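So in the UniProt record's numbering, the last spot in the sequence shown is 234, and the numbers never skip.
Some hints here could point you the wrong way.
[Claimed, not checked] Once the Cα atoms are required to be at most 30 Å apart in a straight line, the calculated DSSO-like pairs of lysine-lysine come out as:
1) K54 x K90
2) K108 x K90
3) K153 x K199
4) K90 x K113
5) K199 x K176
6) K56 x K113
7) K198 x K113
8) K56 x K108
9) K40 x K2
10) K113 x K54
11) K199 x K2
12) K176 x K40
13) K198 x K112
14) K90 x K112
15) K90 x K199
16) K153 x K40
17) K90 x K40
These aren't lab readings, by the way, just hints derived from the structure by calculation.
Since the structure is predicted, the reported quantities are computational estimates derived from the model, not experimental observations.
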Amino acid sequence: MKLIVTRDYETMSRVALNHVQAHMYTGDNRRVNLSITAGKTPERLYQLFVEEYKGKPYFDQVHFYNFDEIPRAGEAVGVTMNDLNRMFFKPAEVPEVRIHPLDTRNWKDYDKKLMEDGGLDMILMGLGTDGHFCGNLSGTVEHFGMETRLVTKEACPLSYFEREGSPDHYVTFGPKTVMNARHLILIINGSHKAEITKKALFGPVTPEVPASVFQLHPNYTVIMDEAAAALLDG
Numbered sequence: 001m002k003l004i005v006t007r008d009y010e011t012m013s014r015v016a017l018n019h020v021q022a023h024m025y026t027g028d029n030r031r032v033n034l035s036i037t038a039g040k041t042p043e044r045l046y047q048l049f050v051e052e053y054k055g056k057p058y059f060d061q062v063h064f065y066n067f068d069e070i071p072r073a074g075e076a077v078g079v080t081m082n083d084l085n086r087m088f089f090k091p092a093e094v095p096e097v098r099i100h101p102l103d104t105r106n107w108k109d110y111d112k113k114l115m116e117d118g119g120l121d122m123i124l125m126g127l128g129t130d131g132h133f134c135g136n137l138s139g140t141v142e143h144f145g146m147e148t149r150l151v152t153k154e155a156c157p158l159s160y161f162e163r164e165g166s167p168d169h170y171v172t173f174g175p176k177t178v179m180n181a182r183h184l185i186l187i188i189n190g191s192h193k194a195e196i197t198k199k200a201l202f203g204p205v206t207p208e209v210p211a212s213v214f215q216l217h218p219n220y221t222v223i224m225d226e227a228a229a230a231l232l233d234g
């Protein structure tokens, strides 16, 4: 594990972008496959990313994948892709041919698709307050060998599904799908994440704290601000 603690959210966002871009400059035009997160944590990163990506032909070999999707009633595009379109894909003018959406129609074949595409070079993720990553909420992970999957209210009666407007199912990369990526990058900010950060990075590896499994990955980078790192020793 490589741990980077930055002064604040702005610095965290800039450092994280540098690490993402490091995967994009290959120098040999080989295909690069990146899976990136939606949510609040990467908002500033994407503002910066748009400026760096838009109109750059040397990024034509970079392909993007979402790692979870929450359907929206009556809408063709789910929550995750809607957020990624708004924050990055549309303003950066990423061609649709280089965006590979995961959704409730194709999830059964998605691990096979990833393999056929050459595997994921990097996944950029955030950390949930329950220790979740992607859609692997605490209480939904039976074991770390799970691949891309459908999570249903019937199988996992979580409080998440009881929120107003929430669907009764969603799809997500499983732990095995994520661990198959060549590089994991986790970004964390805010004091409200300090307790779970300590558990996920240095506590027991357990499905109860899903992101704890990343401790076993050989190429794992964590980038956080000082507030999120407040409870870490040293």
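To see whether the hints hold, each was checked on the structure:
no.: 1; hint: K54 x K90; result: holds, 10 Å
no.: 2; hint: K108 x K90; result: holds, 27 Å
no.: 3; hint: K153 x K199; result: holds, 27 Å
no.: 4; hint: K90 x K113; result: holds, 24 Å
no.: 5; hint: K199 x K176; result: holds, 20 Å
no.: 6; hint: K56 x K113; result: holds, 26 Å
no.: 7; hint: K198 x K113; result: violated, 34 Å
no.: 8; hint: K56 x K108; result: violated, 34 Å
no.: 9; hint: K40 x K2; result: holds, 23 Å
no.: 10; hint: K113 x K54; result: holds, 27 Å
no.: 11; hint: K199 x K2; result: holds, 16 Å
no.: 12; hint: K176 x K40; result: holds, 25 Å
no.: 13; hint: K198 x K112; result: violated, 34 Å
no.: 14; hint: K90 x K112; result: holds, 27 Å
no.: 15; hint: K90 x K199; result: violated, 36 Å
no.: 16; hint: K153 x K40; result: holds, 24 Å
no.: 17; hint: K90 x K40; result: holds, 17 Å
Going through the hint list in order, the structure does not satisfy hints 7, 8, 13, 15.
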